[in-house]
Amino acid sequence: MEEELKELLRRKAEGFDMPPEPPPALIRRARRHRFLSGALAGAAAAALVAGAALGVREVLLSYGRARPAESPTPPATSPEPTGTPSPTPEAVVTSTASPAAGSHPATLVAFAPVEGGDPRGRLILADAATGRVLAILLDDQDTSEGGIFDLALAPDGRTLYYARGTTACTSDLERLSLEGGRREVLASGFASGPAPSADGRFLAYLEWDSCGGRDQSLVVRDVSTGEEVRWTLRVPEPQEADPPAIRRVAWLPDSRRLACEVGDGEVSSIFLLDTQLDRGAELGAGPRLGPRDSSLELIGPHPEGLAVLRTCLGPVGPDCLAQPEIVALDPETGRVRAILLRPAPRARYALDASGRHFLYAIDGVLYRWSGGFPVKVAEGYFTATW
Amino acid sequence: MTANAKAPSEAKAAGRVDLLYRRHAAEAGRFAYLLTGDRELARDLTQEAFVRVLGRFHDLRNPDAFHWYLRRTILNLARSHFRRRRLERAYLERKARQPDPPPAESAEGREDLWEALLRLPARQRAALVLRFYEDLTEAQAAEVLECPVGTVKSLVSRGLARLRE
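First to last, the protein sequences are chains A and B. Each number in my numbering comes from the position in the first sequence (counting from 1) with 550 added on. Each number in my numbering comes from the position in the second sequence (counting from 1) with 236 added on.
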């Protein structure tokens with residue numbers, strides 16, 4: 551089927567043509583769009599004022615035009631540490647509060663491809679300031695089935711959890727001791743998305759019932775005893791081709807409640823699950839957090855609340871920008887408590903244990919952000935955490 | 237004075253647009269077409285993506301950067317098109333009634349596969365196009381789709397399973 555599909559896509563693509571020259575209207579609009587960008591900056595500033603009026607606290611606003619990195623081509627070679635200030639926001643910072651308190655972690659863990667015939671990768675420990683490789687944790691790993699992904703460091707900073715792709719639709723969950731190098735498989739088959747609790751006592755992860763299955767479980771395992779509790783997300787009939795699924799979970803600092811991002815097609819919602827009280831509860835049945843007209847992708851706990859990437863789905867206006875933003879939700883009320891970054895690059899973010907320092911990759915280039923300007927850390931990284 | 241000073245700069249900008257368009261439009265348009273299955277929509281999305289990327293990036297130093305930002309923008313525009321207007325289902329039904337006339341060099345006998353591909357949910361179709369047309373790895377596709385690698389696995393396996401039905 552894969553070969554048939556490749557051939558079909560190739561032939562269909564060959565049968566499509568664009569006008570050979572840019573239409574004059576395109577050139578005119580490209581010029582005008584620069585002014586539009588300025589207007590959006592004005593809208594962002596207006597939203598900032600509106601947010602302040604509504605009691606939204608600590609706003610870290612970094613508005614600017616994004617600019618591609620030097621080599622955003624998907625990485626095919628070993629990471630090239632750079633440690634240079636990022637060109638990502640060609641930033642016009644219209645307003646900033648104080649940068650995040652404290653310095654970012656000294657090191658990060660990343661999975662990066664290595665050069666070679668077959669697709670191979672390696673898990674590395676790198677200097678978070680410069681991207682310089684400090685140690686190779688796992689070398690010569692197969693990446694043909696997704697490699698190593700969903701990296702999550704335990705709060706002690708010495709234990710790494712991750713998923714390893716084993717076939718096109720299966721993956722195992724593994725634990726690696728960063729000190730002794732001991733590696734063990736925690737769950738086989740269809741497990742991914744590990745999330746250690748803040749106190750290190752529990753590990754939450756996601757598990758499908760089968761390849762392309764319909765039922766997905768959220769599993770909470772007691773790390774010391776191995777005891778597990780499961781919640782199952784069931785898809786109501788009639789079944790959709792792209793059924794709702796839990797995409798990511800993150801613990802709140804109390805190590806008791808879990809924030810769950812449930813995705814349904816293009817729209818994601820955040821729900822809270824109290825792992826002590828809600829045993830047997832139906833996932834996704836409770837009230838969703840955050841603004842109703844938004845798709846909310848979970849990032850993790852932040853000192854201001856729960857950091858999420860918000861994409862507004864309503865009509866564009868001062869409170870509903872065309873581009874995503876990172877906001878902090880009050881986990882108790884679900885209201886937006888702070889706007890952390892507006893607009894924000896569309897990316898997968900990892901937060902450090904303090905919740906103040908963000909890490910994200912775009913087109914193979916890794917950036918860190920702690921308020922103010924994002925800084926380019928290295929090139930050639932698939933995924934990283936700290 | 238102002239007009240005279242402005243003219244060379246505008247001509248230069250137009251020349252740059254022209255150059256970038258000729259270099260990237262055909263491939264970007266094909267990508268948009270595979271995502272949408274609609275020729276006119278693909279052309280519109282591609283041109284809109286050009287406008288946005290050109291408007292955002294004044295200082296393009298690497299042609300590859302343009303290539304990848306263009307694709308990401310097309311993907312996001314296609315998402316917005318289907319999501320904001322909530323038209324996907326109606327659109328696909330309309331497409332099913334009025335299929336795009338296949339080009340002469342179409343894969344004969346595989347129109348059924350093409351139609352099945354167009355009936356997939358947008359995310360599944362995007363994942364399949366990124367994996368099997370753009371030849372991205374799962375990790376790279378995850379980055380473009382801004383989702384976990386596990387989700388790409390799920391999208392691709394479900395998409396292929398639906399195509400096999």
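Some clues are possibly wrong.
[What the hints assert, rightly or not] With a straight-line Cα cutoff of 25 angstroms, these simulated SDA-like cross-link-like pairs (lysine to any residue) come out:
hint, chain 1, residue 1, chain 2, residue 2
1, A, K556, A, R670
2, A, K556, B, E382
3, A, K556, B, D254
4, A, K556, B, L255
5, A, K556, B, V253
6, A, K556, B, R400
7, A, K556, B, E401
8, A, K556, B, G251
9, A, K556, A, D567
10, A, K556, B, R275
11, A, K556, B, A397
[Stated by the list, open to error] Reference excerpt, derived from the structure (chain B facing chain A, CB under 7 angstroms, subset only):
hint, residue
12, G251
13, V253
14, D254
15, Y257
16, R259
17, A261
18, E347
19, A375
[Stated by the list, open to error] If you only want the chain A side, here are some residues facing chain B, beta carbon under 10 angstroms, derived:
hint, residue
20, P573
21, G696
22, G921
23, F923
24, V925
Hints listed in this document are in silico derivations from the structure and should not be mistaken for laboratory results. No residue lacks a Cβ here, since even glycine has one placed at the ideal position from N, Cα and C.
Hints versus structure:
no.	hint	in the structure
1	A:K556 - A:R670	23 angstroms, holds
2	A:K556 - B:E382	23 angstroms, holds
3	A:K556 - B:D254	31 angstroms, violated
4	A:K556 - B:L255	30 angstroms, violated
5	A:K556 - B:V253	31 angstroms, violated
6	A:K556 - B:R400	14 angstroms, holds
7	A:K556 - B:E401	18 angstroms, holds
8	A:K556 - B:G251	35 angstroms, violated
9	A:K556 - A:D567	19 angstroms, holds
10	A:K556 - B:R275	19 angstroms, holds
11	A:K556 - B:A397	15 angstroms, holds
12	G251	10 angstroms, violated
13	V253	5 angstroms, holds
14	D254	6 angstroms, holds
15	Y257	4 angstroms, holds
16	R259	11 angstroms, violated
17	A261	4 angstroms, holds
18	E347	9 angstroms, violated
19	A375	4 angstroms, holds
20	P573	7 angstroms, holds
21	G696	4 angstroms, holds
22	G921	22 angstroms, violated
23	F923	16 angstroms, violated
24	V925	18 angstroms, violated
The structure shown violates the earlier hints numbered 3, 4, 5, 8, 12, 16, 18, 22, 23, 24.
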